[in-house]
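2 protein chains.
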Amino acid sequence: VSPLLSDLIEALRCLPGVGPKSAQRMAFFLLQKNPQAARRLSHTVTEALDKIKQCQDCRTLTEYDRCQLCSNNKRNHQLLCIVENPMDILSLEQAACYDGLYFVLHGHLSPIDGIGPNQLGLEQLQDRLAQNTIQELVLALNATVESQTTKHYITAMVQNKAIKIASLAHGIPLGSELGYSDQNTIAHAFHTRQELAE
Amino acid sequence: VSPLLSDLIEALRCLPGVGPKSAQRMAFFLLQKNPQAARRLSHTVTEALDKIKQCQDCRTLTEYDRCQLCSNNKRNHQLLCIVENPMDILSLEQAACYDGLYFVLHGHLSPIDGIGPNQLGLEQLQDRLAQNTIQELVLALNATVESQTTKHYITAMVQNKAIKIASLAHGIPLGSELGYSDQNTIAHAFHTRQELAE
Numbered sequence: 001v002s003p004l005l006s007d008l009i010e011a012l013r014c015l016p017g018v019g020p021k022s023a024q025r026m027a028f029f030l031l032q033k034n035p036q037a038a039r040r041l042s043h044t045v046t047e048a049l050d051k052i053k054q055c056q057d058c059r060t061l062t063e064y065d066r067c068q069l070c071s072n073n074k075r076n077h078q079l080l081c082i083v084e085n086p087m088d089i090l091s092l093e094q095a096a097c098y099d100g101l102y103f104v105l106h107g108h109l110s111p112i113d114g115i116g117p118n119q120l121g122l123e124q125l126q127d128r129l130a131q132n133t134i135q136e137l138v139l140a141l142n143a144t145v146e147s148q149t150t151k152h153y154i155t156a157m158v159q160n161k162a163i164k165i166a167s168l169a170h171g172i173p174l175g176s177e178l179g180y181s182d183q184n185t186i187a188h189a190f191h192t193r194q195e196l197a198e
Numbered sequence: 001v002s003p004l005l006s007d008l009i010e011a012l013r014c015l016p017g018v019g020p021k022s023a024q025r026m027a028f029f030l031l032q033k034n035p036q037a038a039r040r041l042s043h044t045v046t047e048a049l050d051k052i053k054q055c056q057d058c059r060t061l062t063e064y065d066r067c068q069l070c071s072n073n074k075r076n077h078q079l080l081c082i083v084e085n086p087m088d089i090l091s092l093e094q095a096a097c098y099d100g101l102y103f104v105l106h107g108h109l110s111p112i113d114g115i116g117p118n119q120l121g122l123e124q125l126q127d128r129l130a131q132n133t134i135q136e137l138v139l140a141l142n143a144t145v146e147s148q149t150t151k152h153y154i155t156a157m158v159q160n161k162a163i164k165i166a167s168l169a170h171g172i173p174l175g176s177e178l179g180y181s182d183q184n185t186i187a188h189a190f191h192t193r194q195e196l197a198e
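Chains as they are written, first to last, in my numbering: chain L, 1 to 198; chain W, 1 to 198.
Read the hints as simulated data drawn from the structure, not as lab findings. Among the hints, erroneous ones may be present.
What the hints assert, rightly or not - Only part of the chain L face toward chain W is listed, based on derived beta-carbon distances under 7 Å:
1) 29
2) 31
3) 164
4) 178
5) 182
In this text the structure is predicted, and so the values were computed from the model without any measurement. Glycine included, every Cβ here is placed at the ideal spot set by N, Cα and C.
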């Protein structure tokens, strides 16, 4: 292979989920089948790197100082949903179940990796809660052991404040068969079973 | 999502095998986890688009006038292997079974799509064969119905010339179970069965 083509294949391999064969396929696709798309990809990546930063209010990724959600007056500014990653906002917005604001931690507490409350913007969150506009906090963190400490930390932060705090429900995913759920999920769903109205 | 982030996700979706969810994951990865890799990707795509062209001898993709294989005097310049795509050269080189030169068609004959002998460089191939340096031609075309016409066309081109012509053998792939092979392959492998030396 030509050195430049190797470089291109190597550069594409950095993408998550792209192995050597897919990277080859992508490189030839970009060069042979769709040079316009390749040109656009290259341009957009550079532009996004140069312009996208964190929203000053919610820390999500945006090219504006305040993101479109935070500056949207039709959203309910009394509700705040805490997520670990900006991508989680996309998932929640696609679920169309929530019309409040978000706050992005960009990770979870992990002292061993040097990630403390400051890295997660929890001081900024504290200041925001002190303004008394938020009435309910919804924790939409990952349902992993690693995220538990963060959940407890934030719960402790709102104690003695007149703020409702909730976490997403855990249980059997809709549309899935019981046989495919792990035992922890089943046990949790059993213990938190919902009484049916008569 | 911010418009620029949408643009980036959209631009990544053009890659083969990348759906909406993978494109999202890739976009956040490039912006958050690995901006250096993103910068390099953007740069390499542009450089490759600007510099990579077809080798004047074999039509593979390269940034040189003559590719590294064609200009390598250690290769056997009397053998010529015909492939449909530049990627096929990678596969053959990885198999380390051949030390001759290549010729890339960039497709197969398909009059309905306006792809005739000229588009595949078959005139150039004819000129090359007329120089009498090539002694054996190996057809490594795809084993599809669509590539049959091309195979026959090239076979006809070398008739009445002192050039050996061969095609890759078809049969059961090594390491695979018979039960997973399709009936055409099995029938072909049966008819072309190899006598075992005693």
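Results for each hint:
1. 29: OK, holds: residue 29 of chain L within 7 Å of chain W, min 5 Å.
2. 31: It holds, given that the least Cβ distance between residue 31 of chain L and chain W is near 6 Å, below 7 Å.
3. 164: With a minimum Cβ separation of about 28 Å from chain W (threshold 7 Å), the hint on residue 164 of chain L is violated.
4. 178: Check failed: Cβ of residue 178 of chain L comes no nearer than 25 Å to chain W, outside 7 Å.
5. 182: Nearest chain W Cβ about 22 Å off; hint violated.
Checked against the numbered hints given earlier, the structure breaks hints 3, 4 and 5 and satisfies all the rest.
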